[in-house]
Structure formats: structure tokens, C-alpha cells
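> So the chains spell out like this:
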Amino acid sequence: MKQMAESIKDRFFKLGVDVPVEDIENRLSELITKFKVPDNEAQRSVVNYFLKKYSIPKNEFYARQAEPHLSKVTDISEDGQWTDVKVKVIQLWEKTHESIAQVGLVGDETGIIKFTKWQNAELPELEQGESYHLRNVLISEYNGRFQIQLNSSSSIEKLDEEVEVGGGDFTPGEMGSELRNIGELAQDNQWVTVRGKIVQLWENSHESIEQVGLIGDETGVVKFTNWASAELPDMEEGKCYLLSNAVVKEWNDRYSLQLNRASSIEELDEEIEVGTFTSSYSGAMVDIQTGSGLIKRCPECKRALVKGACAEHGKVKGEYDLRIKAVLDNGISTQDALINRELTEKAVGLSLDDAIAMAAEALDPGVVLDKLKQKLIGRYYTVSGPKVERYVLVDSIVQDSELDRALLEDLIAEPEVE
Amino acid sequence: MAGYFREVARRLFSQELRDSDLTSRDESDQYAPQYLLTPTGARVNRVFLVGTLIEKENIGTDTEYWRGRVSDPTGAFLVYAGQYQPEAAQFLAECELPAFVAVVGKASTYTTDEGNVLTSIRAESIQPVDAQTRDLWVLDTAKQTLDRIKELEKAGPENPASNPNAKLAKEHYAADMKEYRSLVQKALESLKENI
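Listed in order, the protein sequences are those of chains S and V. Residues in the first sequence are numbered consecutively from 1, following the numbering used here. Residues in the second sequence are numbered consecutively from 419, following the numbering used here.
Calculated from the structure, these hints are not laboratory results. A portion of the hints provided could be inaccurate.
[To be verified] A short, non-exhaustive set of chain S residues, derived as facing chain V with CB atoms under 10 Å: (1) E270; (2) V327; (3) D336; (4) D370; (5) L376; (6) I377; (7) D400; (8) L403; (9) D404; (10) L407; (11) I412.
This one's a predicted model, so the numbers in the text were calculated from it and none came from an experiment. A virtual CB, placed ideally from N, CA and C, is assigned to each residue, including glycine.
Let's have the full structure, built from the sequences with the hints guiding it.
Structure follows, in C-alpha cells:
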């Protein structure tokens with residue numbers, strides 16, 4: 001802490017102000033020891049306190065103490081560093097907060113980095129595709145990634161010669177985002193354009209959402225969210241659309257498409273086949289998860305009820321249904337599968353009415369779940385159906401009952417490897 | 419984010435489980451799962467097995483604690499279920515012997531005072547199945563064990579790209595893969611007799 005105080009004192013001394021080192025140390029110590037403030041935050045706060053006390057303009061202090069020099073984007077590696085960069089604006093994003101004037105990506109020949117230009121910096125507008133010399137920008141780190149901050153001590157100078165952008169794994173296409181197959185969306189934060197058919201529209205779970213549902217093409221189906229703030233037109237179930245400049249988001253290994261203000265929706269005249277893409281999986285059923293068996297659904301939106309209430313419509317008189325959320329396992333991987341009422345009835349030999357009667361007699365729907373587990377767990381099955389997020393929506397389930405004799409002969413005949 | 423993922427249920431014969439004694443666990447995380455590395459290089463947390471329940475006994479003192487013995491072509495698994503595995507314990511309490519059963523559970527180990535490592539299965543689920551399912555399991559397990567044996571035979575300093583589990587198993591056990599091959603053959607032959 002002594003060292004920290006000395007270095008702050010030195011910096012003030014260069015500006016012609018002699019701050020007693022004990023004062024600095026006392027302030028630091030109070031913040032760090034008593035109030036558990038992180039070191040760099042404490043330093044910042046102490047510096048600002050003395051700047052104010054001695055009426056030193058902030059930019060004078062910071063400009064002198066660092067003497068920033070020109071850095072390449074890949075060389076940016078220190079949180080709290082001040083530097084200059086010569087970059088081209090690659091992409092401007094939608095700002096997420098009113099205190100932000102502009103946010104997006106800039107890059108040079110070595111790499112690409114996010115930048116944030118704060119509203120109170122009162123700097124001129126950056127234009128996409130133009131090159132600039134950004135002076136005295138602050139580097140900050142968040143979650144292991146660096147970004148550039150343009151604040152009131154920074155300055156912007158437009159360059160006549162274009163900065164070449166290369167490196168990094170981000171290559172902006174001509175249109176901003178490339179047309180992709182839905183089944184191949186697998187990169188978080190990627191900007192894409194897709195064409196697909198609205199397979200399902202779901203009930204909105206929040207007022208900030210305009211529409212949410214599933215969109216699919218020949219290769220797969222993905223969840224999409226059309227945010228109300230995007231101010232985009234509504235889409236209809238069963239119709240086909242071109243969604244331009246949507247963002248791929250990953251959460252819990254699942255991908256979804258987000259439509260924001262930069263996105264656009266265009267209705268297509270063509271018909272797109274969805275669901276020809278089916279996935280097939282063979283393995284032993286090793287688990288049937290809670291939420292399986294005899295359940296009640298909301299009569300309005302068909303959601304499964306939790307304790308007699310629908311997440312959207314509250315307390316409702318539910319309709320009975322049978323379904324299974326199963327886990328299949330082949331020893332190498334696992335696969336979640338959703339089995340609907342019709343296939344559940346067939347696989348278990350238990351009709352919905354029987355199940356309701358069973359549950360009524362036992363005063364417990366759990367007996368139905370037990371029965372399903374007893375009939376299905378431990379057996380080998382092959383399921384197939386469209387894959388949505390982590391589930392296979394099963395439209396065929398067959399119990400493997402024949403021993404693969406060809407495989408048996410092959411394995412027995414296998415020569416010993418020395 | 420790392421997120422939750424479900425442990426895959428590995429397939430192995432009882433003899434191989436019995437021979438295993440190398441456990442590993444990420445010590446920096448108290449919730450990290452424990453893995454058991456087997457002689458053919460399977461890294462096992464969860465296990466799926468089908469066999470014949472031949473013995474059962476309530477070995478609990480205050481609460482019920484059931485131990486079952488499930489045989490396969492190479493030996494037998496010890497399967498435990500107590501108050502924290504109520505469904506599996508209830509099955510063991512009520513079932514008739516012998517019976518074909520499918521067991522999903524976690525491999526666990528116990529080190530005796532003499533330093534021997536005993537392996538067993540803590541059952542998550544035990545369900546009755548038919549003989550056909552049992553045969554399917556034997557074939558499935560034979561194939562997966564052979565696949566591991568082949569991986570392990572490839573592993574070594576001359577093959578740096580080899581499976582790290584296979585490499586580690588080779589170093590730790592230095593087991594003769596011929597033995598495991600003949601184990602698998604024995605299991606396969608038993609299937610052939612049934613047909």
C-alpha cells in the first residue's frame with residue numbers, strides 16, 4: 001500500500017502538487033482494508049479525490065501520467081492502460097444503455113476489438129467503414145476480454161488512408177452477415193441471415209418480447225426471439241421469412257436467434273420444407289425425468305402446469321396428458337428425448353384413461369411415473385424425430401429386441417492384435 | 419459457461435470393475451464428480467449394467483440399506499441402495515430372486531485397512547428386464563470393451579495423439595490386454611450358446 005501511495009504522490013508531484021503521502025495512504029487503507037474495495041478501484045477513487053481537491057482537470061492528469069503511444073490491437077493486454085490506436089470501424093451495434101453514445105467493433109491489421117464511446121465523452125460520431133486515429137483511449141478488461149473505452153479525455157481524428165483489417169476470426173461479410181443453414185448455427189454472438197418457416201409461435205413470456213417461437217429450414221429448427229425494441233413486423237405461423245442480421249446466442253449449449261434493431265424481416269413467397277431433418281439415436285433408456293408421466297396442461301397454451309398453475313395463465317383447470325422426458329445413453333453420449341402421449345401409450349401399453357384411473361385409485365400420479373420407469377428403463381431403444389434444442393421430439397420409438405448376430409460373429413472372429 | 423452435463427453411463431463387465439482401483443477427482447471443486455479409471459481405460463462415473471440379481475440382503479442397522487449381487491458373464495457386481503436411493507432400495511426390498519435387472523448407478527470405491535480397493539455400484543435405479551435385454555447388454559458391453567482395448571493397445575509414447583485415458587490406464591495398471599480380450603470372448607461365447 002505504501003508503494004501505491006508513493007506512486008500516486010509521484011504522479012501528482014509531476015503536476016506540481018505536493019500531496020502528503022500519509023494522506024494518500026490513509027485514504028487507500030480505509031478503502032482497501034476497512035471497506036474491502038479492490039486495489040485498482042481504491043487507487044482510482046483516491047486519485048479522483050485529490051484531483052478534485054486540487055482542482056486539476058482529469059484529462060491533464062491522465063494525459064501526462066501515461067503519455068500513450070500507438071498500439072496495435074493484438075498488443076492490447078493491460079487493464080487500465082491508456083493508449084492510441086489507428087483502426088477502422090467494422091461494425092456499429094445497437095447501444096444497450098443511454099449512457100453509451102456508440103458501441104461496436106473496430107480493428108486493424110492485427111485484430112479486432114470492441115469499443116464503447118460514452119455519451120458524456122461528447123465526441124464526434126464514428127462511421128462504419130471509416131478509419132480513425134483514436135487517441136488516449138482506456139483499455140478495460142471484462143470476463144477475460146479487452147475493450148476500448150472512449151471517454152472525455154479521448155479524441156478522434158478521421159484518417160484519409162484506410163486502415164486494413166485482418167486477423168481475428170471475425171470477417172464481416174458484404175451484407176454484414178452471411179446466409180446460413182439453421183442446422184449449422186453454432187457460434188455464439190455470430191451475426192447471420194437465415195431463411196426459414198415459422199414452425200411455432202409461443203406465448204410471450206415477457207412484455208419486452210414481441211414474438212418468440214421456432215423457425216426452421218431444411219437443416220434444422222431453432223428458437224428465435226423478436227425483441228419489442230427491435231420494432232420489427234410480426235410474423236405468422238406457417239409462413240416463410242428471410243431474417244437478416246440476427247444474432248446467434250448460446251445458452252446452456254443451446255442456440256437461439258435474436259432479432260434486434262439492426263435486423264430485418266422479409267416475407268418470402270417460396271415454401272420451405274421443415275422437418276425433413278430428423279435425428280436418430282440408439283441406446284439404453286437410463287432415466288425418465290420429473291415432469292414425465294401423467295401431467296396436466298394449460299387448456300389455452302398447452303404448457304405443462306406446475307402445481308396446478310400455468311406460467312402464463314395462472315391457476316387453470318388443466319387437461320390431462322401423458323408424456324415422457326427420457327434420457328437415452330449409448331455408453332459414449334447421452335440424448336434427451338420427448339415422447340408424446342400416443343407413443344407413450346403404445347410403448348407402455350397404458351392408455352391415458354387407464355393412467356388417470358391408476359392415479360385416482362392411488363391418489364397419486366406418481367404411480368404412473370413408476371409404471372413408466374418399470375416398463376422402459378434399462379431397455380434398449382432406437383428413437384427418431386426432429387431435433388429441437390437438446391431434445392429429439394420422438395415420432396418413432398422401437399425397442400431393440402433382436403441381437404445383432406452379424407456383430408456378434410464379427411466380434412468373436414476379431415483377430416488378436418499383438 | 420460450462421453448464422451442467424449428464425455423466426454418460428459406461429459399459430463394463432464386473433471383472434473389469436473389480437480390477438479397478440484408480441480414482442480421480444478435481445480437488446479444487448467440492449462438487450466435482452469422482453471418476454474411476456479402469457484397466458482398459460474407461461473413465462467411469464455412471465454405469466449401466468444388466469445382469470442377474472442373485473442375492474440380496476438388508477445390511478442396514480437403523481435404516482434399510484440393501485446390498486444386491488448382480489452377476490454377468492465374468493463375475494458379479496455389488497450394488498448398494500439405501501435411504502438416498504429410495505426407488506432402488508424399494509425394488510430390492512420387494513423383488514423375487516433371481517431376476518434380470520437393469521441397474522443405473524455410480525461407481526464407488528472403498529479402501530480397506532489393508533489398502534485394498536473395493537469397488538461397488540451405488541444404484542440410482544434398478545428395474546426388472548427380460549433375458550433379451552440382458553443379451554443386448556452383454557453384446558453392447560463386449561463391443562465397447564473391445565473398442566477400449568484397441569485404443570489402449572495403440573496408446574504409448576510412439577503414438578502421442580492417443581487417448582489420454584488409455585495412456586494413463588496403461589501406465590497405472592500395465593494390464594495384459596490378452597486377459598481382457600479373453601474375458602470379452604468368454605462373454606460373447608456365452609451369448610452364442612443361447613441362440
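> Now tell me, hint by hint, if it's right for this structure.
Do the hints match the structure? See the list:
1. E270: With Cβ-Cβ at 37 Å, over 10 Å, it is violated.
2. V327: holds (7 Å)
3. D336: holds (8 Å)
4. D370: holds (8 Å)
5. L376: holds (8 Å)
6. I377: holds (5 Å)
7. D400: holds (6 Å)
8. L403: holds (5 Å)
9. D404: Interface hint status for D404 (chain S): holds (7 Å vs cutoff 10 Å).
10. L407: Holds, because the Cβ-Cβ distance from L407 (chain S) to chain V comes to roughly 7 Å (cut-off 10 Å).
11. I412: This interface hint holds because 5 Å falls under the 10 Å limit.
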